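2 protein chains.
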Amino acid sequence: MFKVNDNYLKLPGSYLFSTIAKKVNAFTAANPQAEIIRLGIGDVTQPIAPAVIEALHKAVDEQTTTEGFKGYAPDLGYAFLRETIAKNDYEAYGCDIAADEIFVSDGAKSDSANIQEIFSLDNKIAVCDPVYPVYVDSNVMAGRTGTYDPKSETWSDVIYMPCTAENNFCPELPKETPDIIYLCFPNNPTGEAITKEQLQVWVDYANKAGAVIIYDAAYKAYITEKDIPVSIYQCEGAKTCAIELCSFSKTAGFTGLRLAYTVIPKELKCGDVQLHALWARRHGTKYNGAPYIIQRAGEAVYSEAGKAQIAEQIAYYHKNASYIFNGLKEAGYTVAGGVNSPYVWLKTPEQMNSWEFFDYLLEKANVVGTPGSGFGPSGEGYFRLTAFGTYENTVKAIDRIKKL
Amino acid sequence: MFKVNDNYLKLPGSYLFSTIAKKVNAFTAANPQAEIIRLGIGDVTQPIAPAVIEALHKAVDEQTTTEGFKGYAPDLGYAFLRETIAKNDYEAYGCDIAADEIFVSDGAKSDSANIQEIFSLDNKIAVCDPVYPVYVDSNVMAGRTGTYDPKSETWSDVIYMPCTAENNFCPELPKETPDIIYLCFPNNPTGEAITKEQLQVWVDYANKAGAVIIYDAAYKAYITEKDIPVSIYQCEGAKTCAIELCSFSKTAGFTGLRLAYTVIPKELKCGDVQLHALWARRHGTKYNGAPYIIQRAGEAVYSEAGKAQIAEQIAYYHKNASYIFNGLKEAGYTVAGGVNSPYVWLKTPEQMNSWEFFDYLLEKANVVGTPGSGFGPSGEGYFRLTAFGTYENTVKAIDRIKKL
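Protein sequence lines correspond, in order, to chains A and B. If you count by full-length UniProt numbering, then the first sequence holds residues 1 to 404, one letter each, in order. If you count by full-length UniProt numbering, then the second sequence holds residues 1 to 404, one letter each, in order.
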């Protein structure tokens with residue numbers, strides 16, 4: 001008789017955003033007149049930039065002729081896109097990353113969930129707490145996290161690195177040495193960034209400890225301050241210890257188009273085994289590439305017109321973030337993030353826990369946010385609002401909250 | 001110090017089609033004047049159908065406004081597509097499959113590689129031999145296959161079910177009881193189909209043995225004969241033992257657009273655990289859906305115009321398959337497949353092994369095919385040619401082979 005992967009059964013409840021969706025659906029069903037404003041899930045709302053639309057139409061038209069038709073893409077992505085990324089996202093920042101160290105994929109979610117697969121099951125992971133739930137959940141599903149304690153909401157074999165107001169949302173080096181360290185900066189959910197100097201400490205630590213850093217830079221397009229690195233490869237020595245995950249989702253509004261890339265430098269090795277070779281093998285065996293037309297869309301993000309249009313979108317979301325940040329501050333909330341990030345992270349008021357505040361906001365202001373505890377135990381007592389709504393809705397939502 | 005997933009290191013050599021690509025590149029470099037015809041990798045060549053192109057353009061245009069913009073897709077696929085599939089691919093054939101038992105994804109390759117993840121590591125798999133290499137390789141990477149014997153080119157913990165001329169390319173029930181049975185019909189690589197009566201034997205066996213069948217129906221659009229099932233759910237009892245994988249790649253030329261779906265009936269359980277729930281959890285945690293515009297393209301495949309245009313494409317490839325089949329037969333080869341399939345499977349002549357015949361064909365006729373041994377030990381001495389080229393090239397290639 002076949003048996004299932006028991007690790008799946010250890011996962012408590014459903015994926016955070018599915019739970020939120022269910023709660024919102026139930027509320028809407030009971031209150032059909034309520035005008036809900038969603039500042040919960042980190043999904044963008046601005047239309048796709050004209051330069052990208054143009055590239056999509058052009059690529060679609062190519063598929064109408066035998067000459068222009070594109071079948072299976074190269075396993076690791078089209079050269080035109082990988083070279084454009086290498087030039088614009090690395091060479092331009094003084095990082096020595098070659099086009100063939102870049103793997104194109106359909107999403108940073110997939111990559112951040114799948115990357116653990118190339119590591120041994122007895123490796124120990126360390127995660128920021130709070131953090132994007134996919135890092136821990138994907139390791140749970142693989143069987144790498146030990147047993148779950150429902151009381152503390154933690155796994156026995158995961159090293160949690162609290163990121164709270166007490167340490168300015170920047171984790172301290174862990175006491176126990178991890179094998180795999182997940183870092184996400186600018187951070188989801190806190191919205192706080194890490195300076196180059198602070199990140200260098202992590203790179204040095206990883207190289208010394210023989211750990212690998214999985215660096216999620218999905219929000220790098222929102223960096224506004226000068227001393228914040230856009231890539232971990234701006235730090236000395238990162239190529240021997242770090243994998244970097246990047247996404248077009250938040251940079252160019254590709255949440256519905258699906259495009260991302262992961263960088264694995266060839267120098268990154270365990271003994272004489274390149275992680276690059278393992279990830280290439282995974283791509284070759286278990287994936288068939290992102291659609292050609294989407295890869296052409298990604299290329300257009302880096303065109304002159306594309307860059308200008310996308311800068312405008314980012315500015316639009318930054319304006320939202322400022323409105324949220326300042327509005328909440330005026331209303332007496334303690335807030336973080338919002339400067340190098342589309343996320344504002346607030347302390348829940350009056351000892352409310354995160355889900356209580358979620359319900360309170362949904363009922364009283366018809367605003368949907370994300371409970372901090374959904375991102376890990378140290379997220380309890382916090383709450384995330386995103387700047388990805390329309391400006392009008394953002395203003396309306398914050399003004400409602402201010403009136404509570 | 002971090003460690004890698006050792007199972008990856010057990011994989012012998014690289015993925016079959018990467019090896020072929022390297023050999024062809026080397027030959028082309030040495031013989032730049034040679035006009036290579038590729039009937040190797042199963043990639044389509046006909047342009048995308050006009051109805052699909054129209055749907056793509058329309059969906060792209062929707063992304064230009066805030067109202068039309070689509071962000072994250074529903075985890076399991078848009079309802080419009082899942083309902084269209086349920087109606088056209090199941091209801092139309094008398095199969096009781098609900099829209100919410102259909103999971104939309106970016107490819108049957110990904111799905112067939114990832115599906116093993118929801119099962120326990122100590123489950124034993126059975127595969128047809130020869131077979132699409134992804135089934136075995138993905139299980140090797142997970143650590144489910146034991147040790148590799150380079151001499152027999154087999155894994156100690158895999159049950160191989162030979163499909164050769166001796167049994168008309170239809171596997172016999174295995175002596176040892178497997179937990180997971182991979183079946184692919186019409187088969188890749190042999191091009192042979194299974195009758196409904198033969199498939200019913202497998203369904204009854206799986207239900208009795210408590211095994212689950214992973215049924216790869218990627219080539220179902222090529223079925224021409226009446227007693228061949230287009231879905232395993234046409235067999236009585238399949239809903240309690242079978243998962244079905246389907247793809248738009250070969251049906252509608254989507255190899256570069258990337259769209260597929262997997263069916264997991266809710267009745268399919270291990271104890272009281274639904275496999276449906278596990279796969280849903282995997283989608284929710286590790287995947288973010290196929291692009292909206294591609295899902296709209298998939299929907300258009302089922303429109304009246306789409307159906308007619310795609311039937312023409314399939315007829316085009318069938319014409320190629322017949323030319324290959326008949327041409328090789330005339331030239332004295334022993335051939336199979338080609339009737340319910342875009343693949344023709346030939347016996348290599350004069351005791352040549354599969355790779356010897358690959359080199360021979362590449363050098364003497366400048367034709368690229370796929371060595372049968374790349375699909376498993378019982379594929380040795382066979383060779384696969386695909387009907388996915390242009391008609392002109394197909395004729396040219398076969399005529400060259402006939403002249404050898």
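These aren't lab readings, by the way, just hints derived from the structure by calculation. There may be inaccurate statements among the hints.
In this list, chains with the same sequence are indistinguishable; a pair is considered to hold if it fits within one copy or across any two.
Keeping only pairs whose Cα atoms sit at most 27 Å apart, straight-line, the calculated BS3-like set for lysine-lysine is [to be verified]:
1. 347 with 10
2. 10 with 124
3. 3 with 319
4. 3 with 266
5. 226 with 124
6. 329 with 266
7. 226 with 364
8. 226 with 3
9. 347 with 151
10. 58 with 307
11. 22 with 329
12. 226 with 22
13. 70 with 58
14. 208 with 403
Since the model is a prediction, treat every value here as computed from it, not as a measurement.
Okay, which hints does this one fail, numbers in order? Numbers 1, 3, 5, 6, 7, 8, 11, 12, 14 - these are the hints that the structure violates, sorted from lowest upward.
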